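Asks: The primary structure of each chain is shown beneath.
Protein chains: 2
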Amino acid sequence: MNKVGFTTFSKKYKELVEAYLKESVSQLSAPTQIKEAMLYSLEAGGKRIRPLLLFATLEAFGKKGELGIEAAAAIEMIHTYSLIHDDLPSMDNDDLRRGKPTNHKVFGEAYAILAGDALLTYSFQVISSASSEAIPTEVKIQLITELAKASGAEGMVGGQVADMDGEGKDLSLDELEYIHIHKTGKLLAYSVVAGAMIAGANNQLLEKFTTFAHHLGLAFQIRDDILDLEGDQEIIGKKVGSDEQNNKSTYPSLLTMEGARQSLLEHITLAKDALNSMELETEILKEITDLVANRNH
Amino acid sequence: MNKVGFTTFSKKYKELVEAYLKESVSQLSAPTQIKEAMLYSLEAGGKRIRPLLLFATLEAFGKKGELGIEAAAAIEMIHTYSLIHDDLPSMDNDDLRRGKPTNHKVFGEAYAILAGDALLTYSFQVISSASSEAIPTEVKIQLITELAKASGAEGMVGGQVADMDGEGKDLSLDELEYIHIHKTGKLLAYSVVAGAMIAGANNQLLEKFTTFAHHLGLAFQIRDDILDLEGDQEIIGKKVGSDEQNNKSTYPSLLTMEGARQSLLEHITLAKDALNSMELETEILKEITDLVANRNH
Chain A
6 MNKVGFTTFS KKYKELVEAY LKESVSQLSA PTQIKEAMLY SLEAGGKRIR PLLLFATLEA
66 FGKKGELGIE AAAAIEMIHT YSLIHDDLPS MDNDDLRRGK PTNHKVFGEA YAILAGDALL
126 TYSFQVISSA SSEAIPTEVK IQLITELAKA SGAEGMVGGQ VADMDGEGKD LSLDELEYIH
186 IHKTGKLLAY SVVAGAMIAG ANNQLLEKFT TFAHHLGLAF QIRDDILDLE GDQEIIGKKV
246 GSDEQNNKST YPSLLTMEGA RQSLLEHITL AKDALNSMEL ETEILKEITD LVANRNH
Chain B
6 MNKVGFTTFS KKYKELVEAY LKESVSQLSA PTQIKEAMLY SLEAGGKRIR PLLLFATLEA
66 FGKKGELGIE AAAAIEMIHT YSLIHDDLPS MDNDDLRRGK PTNHKVFGEA YAILAGDALL
126 TYSFQVISSA SSEAIPTEVK IQLITELAKA SGAEGMVGGQ VADMDGEGKD LSLDELEYIH
186 IHKTGKLLAY SVVAGAMIAG ANNQLLEKFT TFAHHLGLAF QIRDDILDLE GDQEIIGKKV
246 GSDEQNNKST YPSLLTMEGA RQSLLEHITL AKDALNSMEL ETEILKEITD LVANRNH
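Protein chains in written order, with the working numbering: chain A, 6 to 302; chain B, 6 to 302.
Hints were generated in silico from the structure; no laboratory data involved.
The model shown is predicted, which means the values in this text are computed figures rather than measured ones.
A couple of the hints might just be wrong.
One copy or two, it doesn't matter: identical chains are merged, so the pair holds either way.
No more than 27 Å apart at the CA atoms, straight line, and that leaves these computed lysine-lysine pairs for DSS-like [stated by the list, open to error]:
#1 K174 with K19
#2 K253 with K17
#3 K110 with K68
#4 K154 with K27
#5 K174 with K40
Isolated chain A, as found in the complex (with noise of 0.2 Å):
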């Protein structure tokens, strides 16, 4: 695939899942306030990288993306409810987020809590929405159990504590990805699951698709890392250098400079092998894996 036609498929699944997700939280019967608390920060940007992985890897089947629409919204919404709680004052901190004031910094702490209460609990409601002709009742429940475990105490959640716990701390290279694999790692690695449970895949390629995403989410952090300490504060819309100031191990910081960019050459190899392994169309796939190692912010 070129360049021109991951644009269109970005530019088109970035259009559908946001206006599902506009459309879905408009027409809760909900005090307004904590609508627009949860529509703020799903509206904040980002590059909807988890629900761009979900529809390629339909599409690797040859399946249209729409039949995920319902679990990439979930997922944008578990995402987002993670960033609204993890910057709020007793967690990061954080004031700003994408360049733009964090969500307790606009609506309050109480309603930031709140608010990604509300997107936490949504985000199941909204699978088990989806036509039953569209996702198997079965499939539906499959979905849920791993977006639970995904993103719970045995995976992003999990891999939170892990963070606050290792602040300050000098970690092992064991303990930094302890800390990636859950904390980041496995929402990734759902969404391309998830997309392979709609399109029916097989265990054999289930488990290929897991090995994809995890040196695909390993990469990611890799980059993050990199960028913290290279990026330019306009485009990655936080200060640069904040980990090193934080006291946070990084994979610069274990591995050198040097070390982190060979990693993450590793990682998008491997990631890419993975890919190659099976007999699908897996271009666009192929795409999100170079934009993760080079992207900007």
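Chain B: place on chain A using the hints.
Replies: Same frame as chain A, now just chain B:
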């Protein structure tokens, strides 16, 4: 049913759900500290009225309560997460809950937020994990949909928002009921309706159970308001008169104490009328209704 019968029922199912909660959280593959924070609040006691309602509803159909163990545990997880988040400094800022230090007082705010998030997330996983022989997959999806509605922006979270916005304002009775129906009523009602759904109730019966639960929920809240003014601090586990001190509109403040007692009685009567209109064994549900009307904590 006599008092002895109810005591036996209550003891049996409290133990059942408490053992399930402990076991299911303990076996999570997650950092020890987050499991401790989750268990601390899950094990803080309480009447377990929501699980008991669910089990009693199943027994009304002549079904074993055990069929509903996952749903009962999920409800208690949601209820517990909501207490942890409501107690936070940016919300109600409570130091005590059931006479014990609140979650954030013991584990700190960040952990309290994350323990709540993890419990909320896990609740959906627990329902999905029920065996398909016990609960057909289609019913599990319904249970998940309705749990999300009862606890999210259209339910409990919406009620909490309305409650916060109403603080210090003179509310009308309609506004006060909106708050209670959403903040506590929907999850109480869900407990009953979930039991009926698992038992395979038809729509007509589901509606009768909804009516029962609606009145039970309002009775519960009116009793709560009365206890806040007349309760024994040692027994209710928090300061008497705290609503008044916080300028909160309550049933006694809107209706006078006499009016509140009258309204409590009316809702209890309507709740029992709904039970009497079913051709089911609703004795235990009536016991719980009396318990709600007369409880002293």
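Asks: Would you mind marking each hint as holding or not holding in the structure?
Replies: Comparing the hints with the structure gives:
no.	hint	result
1	K174 with K19	neither (39 Å within a copy, 42 Å between copies)
2	K253 with K17	neither (37 Å within a copy, 49 Å between copies)
3	K110 with K68	neither (41 Å within a copy, 51 Å between copies)
4	K154 with K27	both (26 Å within a copy, 18 Å between copies)
5	K174 with K40	between (39 Å within a copy, 22 Å between copies)
Consistency with the previously given hints fails for numbers 1, 2 and 3, ordered from lowest to highest.
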